[in-house]
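Assemble the whole structure, with the sequences as input and the hints as a guide.
When we follow the numbering used here, the leftmost residue of the sequence shown carries the number 20, and every step to the right adds one.
Because the hints were derived from the structure by calculation, they are not lab data. Quick caveat: nothing in here was measured; it's all calculated off a predicted structure. Don't take each hint at face value.
Below are the BS3-like pairs computed for lysine-lysine, each with C-alpha atoms no more than 25 Å apart in a straight line [stated by the list, open to error]:
#1 K83 / K116
#2 K67 / K160
#3 K166 / K83
#4 K160 / K116
#5 K166 / K116
#6 K159 / K116
Here are the computed distance ranges between Cβ atoms for each label pair [what the hints assert, rightly or not]:
#7 S181 / S84: 23 to 33 Å
#8 Q100 / G41: 34 to 44 Å
#9 A103 / E178: 23 to 33 Å
#10 G82 / T40: 28 to 38 Å
#11 S139 / P170: 12 to 22 Å
#12 C93 / H128: 23 to 33 Å
#13 S84 / H128: 32 to 42 Å
#14 E92 / G57: 31 to 41 Å
#15 S59 / Q171: 32 to 42 Å
Where is the CB? At the ideal position from N, CA and C, for every residue including glycine.
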Amino acid sequence: MHPGARILIAGQAPGKRVHDTGIPFNDPSGDRLRAWMGISRDVFYDPKQVALLPMGFCYPGTGKSGDLPPRRECAQRWREQLLAELPNIELTLVLGKYAQNYHFPQTNHSLTRLVSEWQSHWPTMVPLPHPSPRNNIWLKKNLWFEKDLIPQLQARVEEVLSNSKN
Numbered sequence: 020m021h022p023g024a025r026i027l028i029a030g031q032a033p034g035k036r037v038h039d040t041g042i043p044f045n046d047p048s049g050d051r052l053r054a055w056m057g058i059s060r061d062v063f064y065d066p067k068q069v070a071l072l073p074m075g076f077c078y079p080g081t082g083k084s085g086d087l088p089p090r091r092e093c094a095q096r097w098r099e100q101l102l103a104e105l106p107n108i109e110l111t112l113v114l115g116k117y118a119q120n121y122h123f124p125q126t127n128h129s130l131t132r133l134v135s136e137w138q139s140h141w142p143t144m145v146p147l148p149h150p151s152p153r154n155n156i157w158l159k160k161n162l163w164f165e166k167d168l169i170p171q172l173q174a175r176v177e178e179v180l181s182n183s184k185n
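Spelled out as structure tokens, the structure:
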């Protein structure tokens, strides 16, 4: 992480592939997230532009329907301190239920409702479904997401990153 980063990706925890390679979002989820943002791998992995901060730093293991949730004590111990080291964040993308529970504690909405109300947090925070291929069914049921939200997100990402060059 770099204090000059303008975009924060608030994610869940590393998956198995990331755990093995040590590179966050080095998988189909990352490919989809970069496409949603409209940025290249080089920009995505430039810590002066994009900060990656999961709710847990270690792979939590596999459960019945995917990865286990991040361990609660992890974020409780260090998340606020690390967020304080990122004073220039203009846009936070909040991926998945666990990160959304942390960043939107006042809401008890379903993923669909929280994401569909994205404009209420705009332009500084955007709740997103996790970009995992496991969410393909959700994406097919919620066509408005890629039709309405993604173009706005891409424009906002471009705006924020162009601000960092000034």
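Against the structure, the hints:
1. K83 / K116: Cα-Cα ~17 Å, so holds.
2. K67 / K160: Cα-Cα ~36 Å, so violated.
3. K166 / K83: 32 Å, violated
4. K160 / K116: 18 Å, holds
5. K166 / K116: 22 Å, holds
6. K159 / K116: Holds, at roughly 19 Å.
7. S181 / S84: 23 to 33 Å: Violated, at about 40 Å.
8. Q100 / G41: 34 to 44 Å: For G41 against Q100, whose Cβ atoms are near 22 Å apart, the range 34 to 44 Å is violated.
9. A103 / E178: 23 to 33 Å: Because 24 Å falls inside the window, the suggested range holds.
10. G82 / T40: 28 to 38 Å: 21 Å, violated
11. S139 / P170: 12 to 22 Å: 18 Å, holds
12. C93 / H128: 23 to 33 Å: 24 Å, holds
13. S84 / H128: 32 to 42 Å: Roughly 21 Å apart at Cβ, these two residues miss the hinted range, so it is violated.
14. E92 / G57: 31 to 41 Å: 36 Å, holds
15. S59 / Q171: 32 to 42 Å: For S59 and Q171 the Cβ distance comes to about 20 Å; the hint is violated.
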